[in-house]
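Chemist: Read off the chains here:
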Amino acid sequence: MADDTKEWREESVSVDGTNLIVVKGGTGRPMLVLHDELGHPGWLKWTRAMARRRTLLIPLHPGFGRTERAEWMMSIRDLAGFYARYLKENGLAPLDVIGFSLGGWIAAEMAASNPGQFRKMILVAPAGIRPPSGNILDVFQLMAPQQLMASVYDPPNTPEFPELFGGGMSPEAFEMFEDARAQTARLAWTPYMHNPTLPHLLGVAAGLPTLIVWGRQDAVVPASAGDAYRAAIRGARLVTFDNCGHRPEIEKSAEFIREVEAFLAD
Amino acid sequence: MHLMYFTERPYRHVPNDEVIKNGFFGIPNKHFDSVKGSQLLNEYLDEKILAEQLGFDGVMLNEHHDTAFCMGSVMNVEAAILARITERVKIVLLGNPLPVVGNPLRLAEELSLIDMISRGRLVTGWVRGAGSEQFATNANPGYNREYFNEAHDLVVQAWTRPGPWRYEGKHFHYRFVDPWALPIQKPHPPIWIPGLLSPETVIWCAQHKYPYIALATFLEPTVELWNIYRDAAAKEGYQVGPENFGYLQKVFVAETEEKAHDLAKWDMFGGAGIGYSLFGKPQWMFPPGYNSKDATRRVARQFSDPSSSKGSPFANAVGGGAGNGSATERVAASQIDYRTGAWQEEHVDVEATRKQIFDTFPQVERAMQVICGTPKSVIPRIRKVLEVLRPGIFGFWQNDGPISAEARTTNIRLLAEEVVPAVREIGKELGLVSPFEVQPGSRKLPASGIPESVGSLAPLAS
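Listed in order, the protein sequences are those of chains A and B. Each residue of the first sequence is one higher than the one before, starting from 1 at the first, in our numbering. Each residue of the second sequence is one higher than the one before, starting from 267 at the first, in our numbering.
Just so you know, these hints were derived from the structure itself, not from any lab. Among these hints, one or two may not hold up.
For each label pair, taking beta carbons as the anchor points, the in silico distance ranges come out as [claimed, not checked]: (1) N90(A) x A633(B): 56 to 66 angstroms; (2) K436(B) x S14(A): 16 to 26 angstroms; (3) T190(A) x T426(B): 28 to 38 angstroms.
Mimicking EDC-like on lysine to aspartate or glutamate, the simulated pairs with C-alpha atoms at most 16 angstroms apart in a straight line are [to be verified]: (4) K559(B) x D242(A); (5) K710(B) x E502(B); (6) K650(B) x E695(B); (7) K88(A) x D16(A); (8) K296(B) x D312(B); (9) K559(B) x D179(A); (10) K559(B) x E175(A); (11) K642(B) x E524(B); (12) K45(A) x E163(A); (13) K559(B) x E11(A); (14) K120(A) x D138(A); (15) K642(B) x E617(B); (16) K120(A) x E11(A); (17) K436(B) x E68(A); (18) K475(B) x D419(B).
Far from chain A by the CB rule (all over 10 angstroms, computed), these chain B residues [to be verified]: (19) Y440; (20) F442; (21) E486; (22) E524; (23) W532; (24) T562; (25) T619; (26) T640; (27) S708; (28) P725.
Keep in mind the model is a prediction, meaning the values are calculated, not measured. Just so it is clear, CB atoms sit at the ideal spot from N, CA and C, and this is done for glycine as well.
Isolated chain B (complex conformation) (with noise of 0.2 angstroms):
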């Protein structure tokens, strides 16, 4: 197994009645203040070094724009000081935002210096930014997939193939193109795409022979999209295994079963359990023309139900989920429903949604999208996670709420001498290998030519 440490880098200090009110994309930035960014800033480092330090085999890092959510706009700045900072781990990129970045050719250029700084600790991958980022950085996303695909395309040969030469693509154009700033990993470093069960990026991976590593998604749905990269996986004719596949999971130990569910509840502002659904509000995150066609109608139904949710975008965030219909279209439905929120603008009492997102907090946690307590508590809950989603890749999601350096520091520490141990014996005995022991792609499909799932909801019923 690939074990890792992730967190947003939130901006702790954001107001939280601002959260409740607009969610986190588009509040003001006169909240922000630098001093203390600069300060969360160095603690996130400093946090990658300790758990270099303490075990964890990689550090994840990710990238937004314009939110309080995750302070690192620009993913690649932190990579590379990490790249020099720590000696050992992989320094795990989920994902830089192709179709937002502009300038493929640079993006290839700056992945490569920080894989020859770090001497190969490099892995790299590509999202297609959330809705709001288009928006954050004028980016059309009209052509967002397109612009993705043609991205993709292009920093793979920027690293493989011999300059110079010249590209005439339909969005880019470079008459020439000669970098010497390439990978030291051959061909080129790992790519891994993360995501939130869109089918179609889920079947582009299976193609490309990508893992998928699904961000804190719902179990049931997970397990469906993993057979869906198991029969796009077929069709290209190679079976799945655990190296095809990671989960991120908001994981929170404290000395004690009380105060680390006291913390952990503040990770409700964090990202547990609500998806993306605070992210932003519907209009940010679906802009015109950034879905396909079919996740445009499943848009359109879910807006036609009057039982859409309103107010706040936390409200009904919690609890919604798997609709009716093919396995596709309930993995595509809970995507949307966590990460749509409201759909009418009305007028939002803080006091009554703030005790409303604390309340569902238990739901939140039976539903497993986040397991506290104490180390020896939480295992159990990791390893039923595990045995469903049988991952070759699995992250440590930190608490990314309003909560203190110390506790946070603390909650690395227990994870890594007392959690991930335990893990990995876990990941050995269920035979939970990564993209580093197996490559991706190269098993055999059985005799019968029908492939074997991964995953199974079977483990959840003990």
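With the rest of the complex left out, here is chain A (with noise of 0.2 angstroms):
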């Protein structure tokens, strides 16, 4: 984990009586981080280059192994609803927010329900849509070191791919990857990491400044699903980079940040 903790602070806040911990950190107005698959993979450079601008709200999503599982939620569609409360308990909304795959796809129901919550939204590699050519890939059936590697395009000349989960695959690390697996399964077993409804309901959100990026090689969720994305919200703006795979956040990291950069700004 590249973590360091003069950086970030955790908080505890209940939700609906979930005690849900959020990693905060950094300054400025708050923006909504939503972490992948495999739970909250530390304080990266898109993140410290992030945090010179927002406060950094990232819950660690409910049953991925810090926050505790609530067992009524069982699609993405209610956790998407627990934020929402989250947000409106908190006075935080309407803030800005950036989901990574599966956090994308929360953002996403979010937005179809309630667009008004968000300011911007920055959806990186979403799940959710099926994509209209390929298939988002089954991660249940790898083990979690191979699911790691097939989400970036070139982990040798990824420099922060090592840094992203220590380099070596420890009994907690393992231990770890598996609760955020099971409590995904639990939420996006079938339909299979997206919501049929989803294209339909996201037309409410037109016109909410929608930053959607993609690497072109992405073998988890295709990069078909990006022309989907953007057809459903309409205004949205679609940035791919090649050479790259599911994570454009450590991928391209200097590009990365550079677009979204550019997108908060007002």
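Relying on the hints, combine the two individually framed chains into one complex.
Modeler: Right, dumping it as structure tokens:
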């Protein structure tokens, strides 16, 4: 884990009786960060850059290892509703949001339900819509290390890749991944990693400033889903990086930071 | 004692090389020939009739999906046929995979029909399903244990609670429950639970007073597991006895020692000695959420061990075993070792692996994972197993390697005529009562409140 405890702290917020753990760091206007299906990867280059202009609020999804599991929660839409409560009850909306993969799907479900809770939305290779061509990789038929490898186009030449999860695979790391994967299964086993009704409801988010970022060689969620997202949210902009997989924020971190900063600037 | 006959009903024509490279699950079904499959399925039914005619007390079935290891993907169909074509034997289903069934009310009806057609000979048993089953049936592994518990409660209710009633659960919902298919056995057929030594399941069995059937597990961890059951039973206020336990044992006999050994070694490709590691690759055996937190922690330790096996799912499958730590952990560790197999994708040297597999057969035999020989030579070894585990239920597991129908029939005949009668006598001598003789959970704890053990490793020393 590439963590520097000086840059962030954890707080616990009660939502519907669940003690939600939120990693908080940075300065300025708040921004909601929704992590991916393998959990919060720690404080990375892009996080550090973003923390200079935003107070980052990174809730650790219930059941992913740190925040306790909420037994009633059985879909990504349930989780989206849970976060809507978190925002409203803590007076945080409207705010900027960035979501990665599964976290992008959560953000999209939140926007489809109530776009007013967001100021600007960034979706990074979001799951949630069935790609018009290709299939979302069935990560449940991989062990966690293979899933991790599949998420990056060129792991040896991705400087932050070893930093992501500490290089090796300790029993603790393995266990944390399995927690995340188990909860992902509970929320998104079938239909797998998408919600057929989402494209129909996302139209309500027309006009919400939206940036969609994708790696052209994404082996987890095929880049064709980016077109579907752009079509579903009128006015959304799609940026695609070449030689890049499912994690543009670490694979193309300089370009990624530039795009995101330009998008967020008023 | 209750003595059963069992076979996985494998598809015996699967290319051996494919099994070595992949394990059984996930071999493309282009290798399956329905005509050959049809022949085998009919032979398996005939073998059950033979087993009944020659004196076995029960015939046992199980269920797996998408695998040549076991063709019985809809076990209740076979059970329904057996209900009609047999007359006396118990039809022992170990078990219906509750979480992957999807519709527990329908299952309650199917089992009721089997019980009625067989005129009350059904023994029902339920499992969580192997990891691979969750993929084959699209059952969400994250809710496996929840599905199991809820489906179990629902089936038992459907059998015992007068309808019509409405059911609103977490995972299952029925607006009208009033089945006109009810078991002939009241309040319901006996429930036995088979397993591979998951402590969680064993404790659950003890709480429900269900006999636990260990499926060809290693003797030492099995004794430790019996003790976990014993302690959980004591908490429920009863003393365990042989009626609480069953054991499935690979036994293969032939006319001569040499022939028995020559054929038995092929059972290394039929489940002998390697538990379920041959079943499939770990990504299919450990789907996310399928294991409890404790079990995941044990898998995590196994996973991060650099000596974990590599290559073929068979590699390193034999000779692993108990780790350190508490009895519960040792039991669970052995379960994982034998269900793990390959952690890393690597090129597999098929010939070398095949040789390795055959080379480990003597070791498997020494550990009594397979008992083979002539009827006369196997009896003392079966006696040893019975002395150690003292089970009230004992299953003879057929050689499930690629051997002929004739060799299998000879095995059944020699077992029934020469081994079963001897085992029955040993059972009497050792007081190994079955659940049909003593109601599980009916024994009182000793006055001291400290429960007595059923199994013991002491006989192994002699």
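Chemist: For each hint, tell me whether it holds in the structure or not.
Modeler: We went through each hint and held it up to the structure:
1. N90(A) x A633(B): 56 to 66 angstroms: holds, 60 angstroms
2. K436(B) x S14(A): 16 to 26 angstroms: Since K436(B) and S14(A) have Cβ atoms about 23 angstroms apart, the given range 16 to 26 angstroms holds.
3. T190(A) x T426(B): 28 to 38 angstroms: holds, 32 angstroms
4. K559(B) x D242(A): violated, 40 angstroms
5. K710(B) x E502(B): The hint holds at about 11 angstroms.
6. K650(B) x E695(B): At roughly 13 angstroms apart (the allowed maximum being 16 angstroms), E695(B) and K650(B) satisfy the hint.
7. K88(A) x D16(A): holds, 12 angstroms
8. K296(B) x D312(B): violated, 27 angstroms
9. K559(B) x D179(A): holds, 8 angstroms
10. K559(B) x E175(A): Given that 16 angstroms is the threshold and the Cα spacing comes to 9 angstroms, the pair holds.
11. K642(B) x E524(B): holds, 14 angstroms
12. K45(A) x E163(A): holds, 11 angstroms
13. K559(B) x E11(A): violated, 25 angstroms
14. K120(A) x D138(A): Outside the cut-off at roughly 30 angstroms; violated.
15. K642(B) x E617(B): violated, 35 angstroms
16. K120(A) x E11(A): violated, 24 angstroms
17. K436(B) x E68(A): Not OK: K436(B) and E68(A) at ~19 angstroms, beyond 16 angstroms, violated.
18. K475(B) x D419(B): holds, 14 angstroms
19. Y440: Check passes; 19 angstroms lies beyond 10 angstroms.
20. F442: holds, 24 angstroms
21. E486: Nearest chain A Cβ is 25 angstroms from E486(B), so the label holds.
22. E524: holds, 43 angstroms
23. W532: Fine: 30 angstroms to the nearest Cβ keeps W532(B) off the interface.
24. T562: Violated: least Cβ distance 5 angstroms, not greater than 10 angstroms.
25. T619: holds, 21 angstroms
26. T640: holds, 45 angstroms
27. S708: Check passes; 36 angstroms lies beyond 10 angstroms.
28. P725: Correct as stated: the minimum Cβ-Cβ distance to chain A is 37 angstroms, above 10 angstroms.
Violated hints, in rising order: 4, 8, 13, 14, 15, 16, 17, 24; the structure is consistent with all others.
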